[in-house]
Each structure stands twice: as structure tokens, then as C-alpha cells.
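Starting from the known structure of chain A, arrange chain B on it as the hints suggest.
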Amino acid sequence: DTEVTQTPKHLVMGMTNKKSLKCEQHMGHRAMYWYKQKAKKPPELMFVYSYEKLSINESVPSRFSPECPNSSLLNLHLHALQPEDSALYLCASSLPYGPQHFGDGTRLSIL
Amino acid sequence: SQQGEEDPQALSIQEGENATMNCSYKTSINNLQWYRQNSGRGLVHLILIRSNEREKHSGRLRVTLDTSKKSSSLLITASRAADTASYFCATDAETSGSRLTFGEGTQLTVNP
Numbered sequence: 003d004t005e006v007t008q009t010p011k012h013l014v015m016g017m018t019n020k021k022s023l024k025c026e027q028h029m030g031h032r033a034m035y036w037y038k039q040k041a042k043k044p045p046e047l048m049f050v051y052s053y054e055k056l057s058i059n060e061s062v063p064s065r066f067s068p069e070c071p072n073s074s075l076l077n078l079h080l081h082a083l084q085p086e087d088s089a090l091y092l093c094a095s096s097l098p099y100g101p102q103h104f105g106d107g108t109r110l111s112i113l
Numbered sequence: 022s023q024q025g026e027e028d029p030q031a032l033s034i035q036e037g038e039n040a041t042m043n044c045s046y047k048t049s050i051n052n053l054q055w056y057r058q059n060s061g062r063g064l065v066h067l068i069l070i071r072s073n074e075r076e077k078h079s080g081r082l083r084v085t086l087d088t089s090k091k092s093s094s095l096l097i098t099a100s101r102a103a104d105t106a107s108y109f110c111a112t113d114a115e116t117s118g119s120r121l122t123f124g125e126g127t128q129l130t131v132n133p
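Sequences listed follow chains A and B, in order. Numbering of the first sequence is given in our numbering, commencing with residue 3 and proceeding in unit increments. Numbering of the second sequence is given in our numbering, commencing with residue 22 and proceeding in unit increments.
These aren't lab readings, by the way, just hints derived from the structure by calculation. The structure displayed is predicted, hence computed values, not measured ones. Using N, Cα and C, we set each Cβ at its ideal position, and we do this for glycine too. Any given hint could be a false lead.
[Stated by the list, open to error] One side only, chain A facing chain B, incomplete, derived with CB under 7 angstroms:
#1 G16
#2 P44
#3 P45
#4 L47
#5 V50
#6 P71
#7 E86
#8 A89
#9 L92
#10 F104
#11 G107
Excised from the complex, chain A in its bound form (with noise of 0.2 angstroms):
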């Protein structure tokens, strides 16, 4: 079992569908991690939050909302995908500069 807990772990969406992907964490990190994931591909890093605050977007399309509620909570809402956004997305956490922990990740495929 992982210590980041993500939600659903598979989503199917048209690409008129809005969604939202859900992480949580309670190992008090205060930096957490939105991460992309292609098949046989490394994992591409989207957003970093600290301390609740939005620190890195990777130049990520506005169909991507990144949105940080609480210390232990991380959402990504999800509007007017596009085929190619399909991907398994993951999110992790970590204290300044540790290792990252990670959830078993959400698997996105949209129609």
C-alpha cells in the first residue's frame, strides 16, 4: 500500500466531460507533485505546489486546472480533453528536497 492515496484509479471521459483526479497525503510534505505518465515513457512533471501554493506549471494546457485545497489534499480538474491527454497520471509528495513519494496513479483514457 502506498502512502498517497489517489482517486478514481481508472476514468474514461468524452472530451466534453469535466472531471477531477484526487490525491491525498498525511505524511505532513508540503510540497506535492502532479505528474504525467506515457506508456514505456518516464514521468513528465505538470504542476508543483508548496506550501499550498502553485510553484511550477510546466507551460500545461488551461484544459489541465491544478487546484491545492488544504496541506493534504491535491486535485486536478480536467475539462475538454483531447485524445493525447490519455495517460496514466500520478502524484507524489515530498519534504524540500526528498525523495518523493508516490500514488499508484490515476489511468485516463478519453474517447
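Using the frame of chain A, we list chain B on its own:
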């Protein structure tokens, strides 16, 4: 952009053998980390080596770091079928803020 390169891309060995994976990077780093990813799962942190360290051990894992050559290696001794996974190196560059930059990964298969 990914600054890490790993080789080999794929490695197939028998149980009990040792597995060595290599990672090269391009910029100055604070630390280098190795992660494992089992199929369909998230990444699991294995070991972190700081830029002023040359070697680190954790159980059956041995990591070396050569900052002059900007390279690292991960050695898994006495491999087991359960070690079958993808292995990624990741660098925390001095100018990266909170970014980790991942290498392309090595797919390790350990045959029973």
C-alpha cells in the same frame, strides 16, 4: 526536457545474477535518486545519493555517483523475480527548484 539517459534500455537476467544500470546527466546536481516502477503502479523511491557522496548501499542495492563524469550506476545483487520492474534515475539539479528530471528508464526482467 529530460536530462537523464539510462542504459541499457532493457536488461534480462536470471535469478541470482547481478543487474547493473547506468545513468548519465548533464547539469550540476544536489542529489540523484533511483526509483522503481512495477507494471501498473506508481514509482517507489529506492535510494538517494547526494552530490558529495560517492557510494551508498541499501540492502541489495549499491549506488555510485561520479560527479566528474556526471554519471551514476545502480547495482542490484542476487536478483529475484520480484525485482522485475522499470528503474528510473532522477536528478535534482542545483537550479531546478523542486523539479526532478527523470531518465528514460531501464526495463529489468529477472527470469526465475
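Status of each hint after checking the structure:
1. G16: Hint violated; G16 (chain A) Cβ to chain B Cβ min 24 angstroms, cut 7 angstroms.
2. P44: holds, 4 angstroms
3. P45: holds, 6 angstroms
4. L47: holds, 6 angstroms
5. V50: holds, 5 angstroms
6. P71: Nearest chain B Cβ about 20 angstroms off; hint violated.
7. E86: violated, 18 angstroms
8. A89: violated, 13 angstroms
9. L92: Holds. Min distance 6 angstroms.
10. F104: Holds - the Cβ of F104 (chain A) comes within 7 angstroms of chain B, reaching about 4 angstroms at its closest.
11. G107: Holds, because the Cβ-Cβ distance from G107 (chain A) to chain B comes to roughly 5 angstroms (cut-off 7 angstroms).
The structure fails to meet hints 1, 6, 7, 8 from the earlier list, while all remaining hints are met.
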